[in-house]
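Q: Whenever a hint applies, use it, and build me the whole structure from the sequences.
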Amino acid sequence: MRFGAALLAGALCCLSACSAGSLGSSDDETGGKTAITFLTNNDPANVKVAESVIAAFEAGNTDVDVKLDTRPQGSEGDNLVKTRLATGDMADVFEYNSGSLLQAIAPQTNLTAVTGEAWVADLDPTFKQVVSTGSEVYGSPWGAIVGGGIFYNKPLYTKLNLQVPKTWADFMANNAKIKAAGVAPVEQTYSETWTSQVLVLADYHNVAAANPGWAEKYTNNQAKFATTPQALAGFQRLEELKKAGYWNEDYASAKYNEGLNAVATGKAGHYPMITFGVPALSTAAPDNVDDVGFFALPGDDASKNGVTLWEPSGIYIPKSTEGDKLTAAKKFQAFVASPEGCAANASAAPVGGPFAVKTCTLPDSVAPAVKDLSAYVDAGTTTPALEFLSSIKGPALEQITVEVGSGIRPAADGAKLYDEDVKKQAQQLGLQGW
Amino acid sequence: MATVTPAKAASRIEDEPGSGGRTTQKSPYPYWFLVPGGLIFAVFFLVPSVMAFYFSLTRWTLFDQEFIGFDNYVQFFREPALASGLWHTVVYAGVTSGLKVVLGMALAVLLTGPIIGRGFLRSVAFFPVLVSTIGVGLTFQVLMHPTKGVINQALDLIGVTGPAWLVDPSWALLSVALVDVWQGVGLATVIYMAGILSIPGEYFEAAKVDGAGAWHRFRHVTLPLAKPATISVIILSLIGGLRKFDLIWAMTKGGPGFTSDVMASVVYKQYQAGFYGLSTAGNVVLFLLVIVLVLPLFWFFNRREETR
Numbered sequence: 001m002r003f004g005a006a007l008l009a010g011a012l013c014c015l016s017a018c019s020a021g022s023l024g025s026s027d028d029e030t031g032g033k034t035a036i037t038f039l040t041n042n043d044p045a046n047v048k049v050a051e052s053v054i055a056a057f058e059a060g061n062t063d064v065d066v067k068l069d070t071r072p073q074g075s076e077g078d079n080l081v082k083t084r085l086a087t088g089d090m091a092d093v094f095e096y097n098s099g100s101l102l103q104a105i106a107p108q109t110n111l112t113a114v115t116g117e118a119w120v121a122d123l124d125p126t127f128k129q130v131v132s133t134g135s136e137v138y139g140s141p142w143g144a145i146v147g148g149g150i151f152y153n154k155p156l157y158t159k160l161n162l163q164v165p166k167t168w169a170d171f172m173a174n175n176a177k178i179k180a181a182g183v184a185p186v187e188q189t190y191s192e193t194w195t196s197q198v199l200v201l202a203d204y205h206n207v208a209a210a211n212p213g214w215a216e217k218y219t220n221n222q223a224k225f226a227t228t229p230q231a232l233a234g235f236q237r238l239e240e241l242k243k244a245g246y247w248n249e250d251y252a253s254a255k256y257n258e259g260l261n262a263v264a265t266g267k268a269g270h271y272p273m274i275t276f277g278v279p280a281l282s283t284a285a286p287d288n289v290d291d292v293g294f295f296a297l298p299g300d301d302a303s304k305n306g307v308t309l310w311e312p313s314g315i316y317i318p319k320s321t322e323g324d325k326l327t328a329a330k331k332f333q334a335f336v337a338s339p340e341g342c343a344a345n346a347s348a349a350p351v352g353g354p355f356a357v358k359t360c361t362l363p364d365s366v367a368p369a370v371k372d373l374s375a376y377v378d379a380g381t382t383t384p385a386l387e388f389l390s391s392i393k394g395p396a397l398e399q400i401t402v403e404v405g406s407g408i409r410p411a412a413d414g415a416k417l418y419d420e421d422v423k424k425q426a427q428q429l430g431l432q433g434w
Numbered sequence: 001m002a003t004v005t006p007a008k009a010a011s012r013i014e015d016e017p018g019s020g021g022r023t024t025q026k027s028p029y030p031y032w033f034l035v036p037g038g039l040i041f042a043v044f045f046l047v048p049s050v051m052a053f054y055f056s057l058t059r060w061t062l063f064d065q066e067f068i069g070f071d072n073y074v075q076f077f078r079e080p081a082l083a084s085g086l087w088h089t090v091v092y093a094g095v096t097s098g099l100k101v102v103l104g105m106a107l108a109v110l111l112t113g114p115i116i117g118r119g120f121l122r123s124v125a126f127f128p129v130l131v132s133t134i135g136v137g138l139t140f141q142v143l144m145h146p147t148k149g150v151i152n153q154a155l156d157l158i159g160v161t162g163p164a165w166l167v168d169p170s171w172a173l174l175s176v177a178l179v180d181v182w183q184g185v186g187l188a189t190v191i192y193m194a195g196i197l198s199i200p201g202e203y204f205e206a207a208k209v210d211g212a213g214a215w216h217r218f219r220h221v222t223l224p225l226a227k228p229a230t231i232s233v234i235i236l237s238l239i240g241g242l243r244k245f246d247l248i249w250a251m252t253k254g255g256p257g258f259t260s261d262v263m264a265s266v267v268y269k270q271y272q273a274g275f276y277g278l279s280t281a282g283n284v285v286l287f288l289l290v291i292v293l294v295l296p297l298f299w300f301f302n303r304r305e306e307t308r
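Protein chains in written order, with the UniProt record's numbering: chain W, 1 to 434; chain C, 1 to 308.
Keep in mind that the hints are not guaranteed to be accurate.
To be verified - The calculated DSBU-like cross-link candidates involving lysine-lysine, where the alpha carbons are at most 35 Å apart (straight line), are:
hint, chain 1, residue 1, chain 2, residue 2
1, C, K148, W, K159
2, W, K267, C, K148
3, W, K423, C, K253
4, C, K253, W, K82
5, C, K148, W, K48
6, W, K177, C, K227
To be verified - Stretch by stretch, here's where chain C covers chain W in the computed footprint (C-beta under 8 Å, at least three residues):
hint, region
7, 131 to 137
8, 348 to 360
9, 401 to 409
Since the hints were made in silico from the structure, they are not lab data. Heads up, the beta-carbon is just placed ideally off N, CA and C, and yes, glycines get one too.
A: See below:
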């Protein structure tokens, strides 16, 4: 068996050596320039942003040549990043999740800490927290802070004389009027299951507002979704909307882009979504981007109304990057966190929210939904999403919310099942007290 | 009457070529010839299998591992989706292999009969087997769309409202099974055609002389003499159905919710979530499940065949 293991390890080394060569990231210094590779995900909009940022960076740093390399999105890409880190074969700079998923790639052992760099002081404090382990900071922000809540159709609100709701009761009253007008009140798109979780995840501000410190108790196995009324409410409201018949008719087979199109063109009144959908709006319904507004998920108490925020992913440098390449990589990382970097980002694609760097400002031309989000951020009524405050997020949430939202499983049952899922995740992470 | 003759005849035919008498002589080949094959087998099959059994007892990431005994198995059997997934797996395997036997036999009888364009029709029946399963899954996902899909639009034309094939919880698993049958029945047909064509023509003629109609010839000649083919089809399609993953993943991803989740997709979801040890344990469980269901069946069929 040891012989077999050695043979397998040998084969792996061979494979990784081959891929490193073909990526062209080896020690070929072209014309006095330091060549570094930047790895990011292959979403077309993201690639556009990456190309724009690289072009702006190279214009100011003529001695560095940045090559763009892409990887798949989702868990396939996660596994690729983990494998390349484990084999010491990572690109010189790479983009990866912040928050709980960052902890899964063991930053202390695999990444270069950048705590002392000048740009770190300009970072939004919450973002700094989600790219850190202990006292060390590892990343600069890639993209904007986005908020979870509800996209609504502004012309429809004007036509029916509706107000932006601050409580769940107001929201339901609006839904009743929209339904009476013959429009689907709430859009759901279960063909792409991840979209079904937004109603529960974006409700976290309301959970935290009523139960300060809930995330910590939840991480320590002291608080559960099924037994905390405000946390259970997320599941119950999903059930309530389904029972009231407020979904669009094709909710079971509709896709994300169809949902964005429906709320932009007024086929649906509301669409629970995160504002990273704003760039996608410009392809799903290019003529109607300005018809989409955004408000936070309403809770029980109007005075505590606020929005749940998702932090951007980070730009990291692996420990395998050394020498000149390390210097160049650090320059690139710093550029991304500078006003010029933010401007290059905003010029390539519409931004979905405010930047996580204090020195960056949003261009005036941002979509109305992003302006609506910025109002909450400026007012300070925000809470980071649970996945940034706790290292546990159950992997089956999207299937459970599809079941609750489709009437296959009652809300209380769904919340209990999710608590089981969370327990499994905590045990796999080896957390204490589970 | 008719049942006795072919059975006797079959056993007599089997006896004739077997009684040659070179069983006593030892193989002249030295064991060295086994080394290349054995090496490939050990490195690519034996070692990974043994390693999989070991890793199913650990909690591992790509960076480190921790031995935790049978905890993964305990966790896997507590998995809420597992009970329904196990049941779905058995239903799926049962439905697909049952339909493949019935439809495969019917198609084989048709395609070995005197019909026009037989060669062409045979290739048409086999064609879906050659297409990529993921491609088939994605294509049918479009065809089975509840409102925009061709299938329901065609049903609308004749006044039938089709079900929401893949997004209705009570239909999803069955819809995937039907597509699986569509894709896999060609293989069953080919196996059956080989079985039917190997039945000597004189049995049919003898039955005809005895006054047997078409149904009786099928019931008393074709069906019993094609039994080895039936066994192959059942075993192959059962194993295939129990481990089915690609088609289900391409069409429903186990959804809506967990309603079309099978063992293999439950295992894959654990892997996706980064629970590598847990998903390896799931694979071992799946391996044992296939063995527990298929081996007794295999013995049962073979025993029946020998006693004849």
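Q: Is the straight-line distance between the alpha-carbon of W/K267 and that of C/K148 35 Å or less?
A: holds, 17 Å
Q: Given the hinted pair W/K177 and C/K227, is their Cα-Cα distance within 35 Å?
A: Violated, at roughly 66 Å.
Q: Can the restraint linking C/K148 and W/K48 be considered satisfied, given a maximum Cα separation of 35 Å?
A: Distance ~33 Å between C/K148 and W/K48 Cα, so the pair holds.
Q: Counting residues of the region 348 to 360 of chain W whose CB is closer than 8 Å to a CB in chain C, do you get three or more?
A: Since 0 is below three, the answer is violated.
Q: Hey, C/K253 versus W/K82, does the alpha-carbon distance stay inside 35 Å?
A: holds, 24 Å
Q: Could you grab the alpha-carbon distance between C/K148 and W/K159 and see if it respects the 35 Å cut-off?
A: OK: C/K148 and W/K159 at ~31 Å, within 35 Å.
Q: Is the listed coverage of the region 131 to 137 of chain W by chain C valid when you require three or more residues with a beta carbon under 8 Å from a beta carbon of that chain?
A: n = 0 at 8 Å, threshold three: violated.
Q: Report holds or violated for chain C covering the region 401 to 409 of chain W, Cβ cut-off 8 Å, minimum 3 residues.
A: Answer holds; 5 residues pass the 8 Å Cβ test.
Q: Hey, W/K423 versus C/K253, does the alpha-carbon distance stay inside 35 Å?
A: holds, 23 Å
In summary, the numbered hints that this structure violates are 6, 7, 8.
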